[in-house]
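Novice: Please construct the entire structure, taking both the sequences and the accompanying hints into account.
So the chains spell out like this:
There are 2 protein chains.
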Amino acid sequence: MPAIQDLYASEFAHCYGCGARNSQGHQLKSYLRGGETEAVFTPDAKYSGGVPDHVYGGMVASLMDCHGTASAAGFAASEQGQALEPGMDLPRFVTASLKVDFKAPTPLGTPLTVKGRLRSISGRKVWVDLSLLAEDQICATGEMLAIQLKTP
Amino acid sequence: MPAIQDLYASEFAHCYGCGARNSQGHQLKSYLRGGETEAVFTPDAKYSGGVPDHVYGGMVASLMDCHGTASAAGFAASEQGQALEPGMDLPRFVTASLKVDFKAPTPLGTPLTVKGRLRSISGRKVWVDLSLLAEDQICATGEMLAIQLKTP
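So the sequence lines, in the order shown, correspond to chains L and P. Numbered according to numbering that gives the first Met the number 0, the first sequence spans residues 0 to 151. Numbered according to numbering that gives the first Met the number 0, the second sequence spans residues 0 to 151.
For the record, the hints were derived by calculation from the structure and aren't laboratory data. Watch out, some of these pointers could steer you wrong.
Copies of one chain are not kept apart here, so a pair can be met inside one copy or by any two copies together.
[What the hints assert, rightly or not] Below, simulated DSS-like cross-link-like pairs (lysine-lysine); rule was C-alpha separation at most 30 Å, straight line: (1) K45 / K124; (2) K98 / K45; (3) K102 / K149; (4) K149 / K45; (5) K98 / K114; (6) K149 / K98; (7) K114 / K102; (8) K28 / K124; (9) K102 / K28; (10) K114 / K28.
Specialist: Below, the structure written as structure tokens:
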């Protein structure tokens with residue numbers, strides 16, 4: 000199954016966090032599996048927080064933001080009975096609101112897993128519940144309202 | 000007047016977003032002036048969102064996160080009657096919760112101003128209201144609960 004971000008139309012694929020067309024960016028890849036979404040990312044050591052062995056808060060928020068909008072796109076397609084297939088152009092969602100609760104320091108040097116669950120959909124609006132884990136430890140939880148971009 | 004981040008103790012000054020000791024990071028500088036805080040930052044073109052002319056959401060959240068914790072440190076000192084002076088070690092605050100509402104696309108190629116206002120203080124907890132502007136346009140608003148780190 001393709002990554003959700005690899006199904007964004009090319010004009011919307013420049014995001015520093017997750018755009019396939021941004022060669023300088025993180026190129027986060029989110030996958031829809033079994034009704035939930037997941038992405039894995041290992042931040043480089045330079046992305047430390049105030050102390051060197053933890054990830055800075057902006058990275059945690061960034062991973063949630065990119066994974067959240069991808070999750071919204073995946074869930075919206077799934078609700079409409081669309082399978083995610085290579086070559087399709089998935090509608091692009093943008094963040095209206097993102098709340099992140101930092102539960103524990105996020106360690107550096109270990110893969111981080113970001114998970115998304117659909118809370119609800121109403122028209123172009125999708126609410127997503129998020130979590131970020133290091134191994135089995137929940138480091139942060141989040142909630143997002145994402146809105147589908149209107150395209151001509 | 001010194002930047003708030005330049006008053007963090009050296010062991011807490013490694014943040015990628017704003018740490019004076021992270022030479023690879025953004026080194027955001029926040030200033031307390033007239034009871035409010037302000038930081039200005041111009042993201043490089045690589046930090047685009049889905050479309051190339053806008054800033055990616057993670058950058059907006061990151062700027063708010065670093066500026067918010069700096070604001071909390073500045074406001075807490077101010078409430079205790081402490082002036083911000085070179086050479087002091089300011090207590091370090093970390094984010095417990097950050098909510099960002101994206102009001103309009105944030106343009107690339109122009110300085111962004113992040114502002115902070117004190118909402119309230121209770122013990123080690125500081126609530127900060129945030130906004131991010133491009134020229135006079137409010138692109139995002141935010142609210143943060145920051146907590147002062149316990150130090151030995």
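Novice: Compare the structure with each hint and give your call.
Specialist: To see whether the hints hold, each was checked on the structure:
Only between protomers do K45 and K124 lie at most 30 Å apart by alpha-carbon distance; the minimum there is 28 Å, versus 35 Å within a single protomer. In this assembly of identical chains, K98 and K45 lie within 30 Å of each other by CA distance both inside one copy and across copies; the values are 25 Å within and 25 Å between. For the homomeric pair K102 and K149, the shortest alpha-carbon distance between copies (16 Å) is at most 30 Å, but the shortest distance inside one copy (35 Å) is not. Taking the closest pair of Cα atoms, K149 and K45 come within 30 Å of each other only across two copies (24 Å); inside a single copy the shortest separation is 37 Å, beyond that limit.
For the identical chains of this complex, K98 and K114 are neighbours both inside a copy (15 Å) and across copies (18 Å), given an alpha-carbon limit of 30 Å. For the homomeric pair K149 and K98, the shortest alpha-carbon distances inside one copy (24 Å) and between copies (24 Å) are both at most 30 Å. Proximity of K114 to K102 under the C-alpha cut-off of 30 Å is found in both arrangements, the shortest distances being 15 Å within a copy and 25 Å between copies. When the C-alpha separation of K28 and K124 is checked against a cutoff of 30 Å, the pair qualifies only within one copy, where the shortest distance is 22 Å, while the shortest distance between copies is 36 Å.
Taking identical chains as interchangeable, the C-alpha atoms of K102 and K28 lie at most 30 Å apart whether they share a chain (24 Å) or sit on different chains (26 Å). Within a single copy, K114 and K28 get their C-alpha atoms as close as 12 Å, which meets the 30 Å cut-off; across copies the closest is 32 Å, which misses it.
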